[in-house]
Amino acid sequence: MSRPFAASRQRRAFSFLTLTILLPFLSLNLPTWAQLADDPPSPLFIQPPFAQPKDRVTSFIDDEQRVTLGGNLHPLALAQYDAGVVAPDYPMQHMLLTLLPDATQQDALNQLLDAQHNPESPYYHQWLTPEQFAERFGVSETDAAQIGGWLQDHGMEVEEVTAGRRSIVFSGTAAQVESAFHTQIHTYKIGDELHHANAKDPEIPAALAHVVGGVVSLHDFRSQPMHGLVRKPAPDFTASGLYYLAPADFATIYDLDPLYQQSINGNGQSIAIVGRSNIHIADVRQFRTSFGLPANDPQIIVNGTDPGIFSSGEETEADLDVEWSGAVARNATIKFVVSKSTNSSDGVDLSAQYIVNHNLAPVMSTSFGLCEAALGSSGNSFLNSLWQQAASQGITVFVSSGDNGAAGCDSSSASRATHGRGVNGLCSTPYSVCVGGTEFNDASNPALYWSASNASSTQSSALSYIPETVWNESGPGAGLWSSGGGASSIYAKPSWQAGPGVPADGKRDVPDVSLTAAGHDGYLMYQNGGLYAVGGTSVSSPSLAGVMALVVQHTAVRQGNANTSFYSLASKQRAGGASVFHDITSGNNSVPGQTGFSATAGYDQATGLGSIDASVIVSHWSDASILPTFHATLSANSLAVTAGSNNHTTLNVTVGGGFNTAVAFSVTGLPSGVSAAFTPAFLSAPGSGSSVLKLTASKSAKPGVYSATVSAAGGSTRQQMAVSVTIKR
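All the letters of the sequence shown, read from the start, carry residue numbers 1 to 729 under the working numbering.
To be clear, the hints were calculated from the coordinates, so they are not data collected in a lab. These numbers come from a predicted model, not from an experiment. Wrong hints could be hidden among the right ones.
[Unchecked claim] Calculated cross-link-like contacts (lysine-lysine; reagent style DSS-like; alpha-carbon spacing at most 30 angstroms): (1) K694 to K728; (2) K54 to K728; (3) K507 to K728.
Starting from the given sequences, assemble the full structure and let the hints guide the process.
Following this line, the structure appears as structure tokens:
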């Protein structure tokens, strides 16, 4: 076997990588402090936002000294479904091992992301390449080599250390996985379906605990495509009072035509689409010909083994995403990345990481979903890290919010929700735009909004914008079909998510923005030569990605995390600015078995900020500015305290964007016998200044290393910082 990471463990444990401290400045086209001497940055940015990777695997990798990676057992891997251990040679291909930054790197990345989206910063829109990301925020090359060598010591094949150096792609067998991670792979029979999954949480050597986050998945439970309600339309595109959405209809309703008339049509831009089933390119050609779109074949990029077209539902998802992203940004290049799912990895994850680590396009869309609980700690960590990297590279990530209303962990086709509230973990991180669903409120007087016939060249019949409600076609016997939304159980509320209607829950709320998603007035698409109408937030996401490509064309620069602009534009609209959003104020996303959220004025957890007027949002994109916010940092992210004594660190807060609110502090996660005190306990408005955090350990405090969280909260803004607390005798 080839050993690109070959070295003895002893040599791997004590080897170090020589790096020059000037490398970050030489390889990144950002202003240095020398260049800024005549025009120093604002106090909000007092140091260059980067951190040099350090070697952290500095002791012998002993497989007998292990730690458990909790939260990585799939909820359905239960003893009642267990059908036994798989064969030792059961293949486990293209597994993704997540690699963690240290606290200093993560703090620096948070600062950089703030700066890249702040027009007042010298780092505004100064995007990284994947290689530059690795130089600052990935693990060290030495640590990556050590971890790769450890995998190879267990017989695994290391296929790739991704360009951002935040994950390793590797393959092996069930026996090799058990040897390395000390968990067996079992078969589970759930109804008529057979699945394979790890039977308990994996374990890794303690020497790797601060660098390895875990395996994204060791099972074949997959994310689900976010579409449904597929039907055949009538030949004239209308039937029994139902109307169907052709690309020209979408352009009329969401005001794209003024942009097209100015040649703002996606020319010179590209959109990357996440897929795991291939397509027939003839369907895309027929779609474009039938609806009067210019010829423009997508690029199909097969990442590894071509999965072919392996199911009708998967093909529908792929066709929808490719056809409709290209229908909105009609001259953009659609780059469709398709990866085959394996016994241990979702093709969606493989395609997404390919897009980000190859920096493939300024805009990308993912129309799949799996709730946070089902993703597990490693899956959530992987997606959050990947979307963070995407944002630092200027990539705007769009993800469907889901089609199961407030019941994010239940199947959309279920008759009743049974798992409580939940949200799609692919879109709940603060670094993606989560796209919900609306429904046209046209049933009472369709003639007001639709022509009785279709235009011969484009099949269009829409006459104007149509008022919208929350998409909700759920009901007894009808499934849970409704706009996904709610509060994350993992992520704190980002500073930019503020404004009327935004819940004061301290949680990241989704969705952010919505577009029509109903089967009523469904989107038209071609598959295997046939015409279909389809609903679901699966189409909302690539359609909004198409609009974003027009923004990028108009501004001539990548935009990164577009939420920083969406919420700012909404705030300006409420203050009398341009009307970029259609506020949705009626309907809810409750489904049988689960009460959801009602639409209200301003933001709501059913439709977010509402739907968009594309022409206005593109034309007024530059109106967006940063929202008032603060930034908190600790002078030290680790603190050692001797039992019977105390120690302290300083919490520093800087404000920007007109922030003018008191900021209060708290800490959670401390072990028994350890108390915390802040002096002062809060900072009066405007919120800037310093507070000393003193930790006092009683004589009975148990020695060990603990992870605590320091929080700073002011108004609707909350920031959290991890701190490692070591109790010593």
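Notebook entry, point to check: Which numbered hints turn out to be false for this structure?
Noted result: 3
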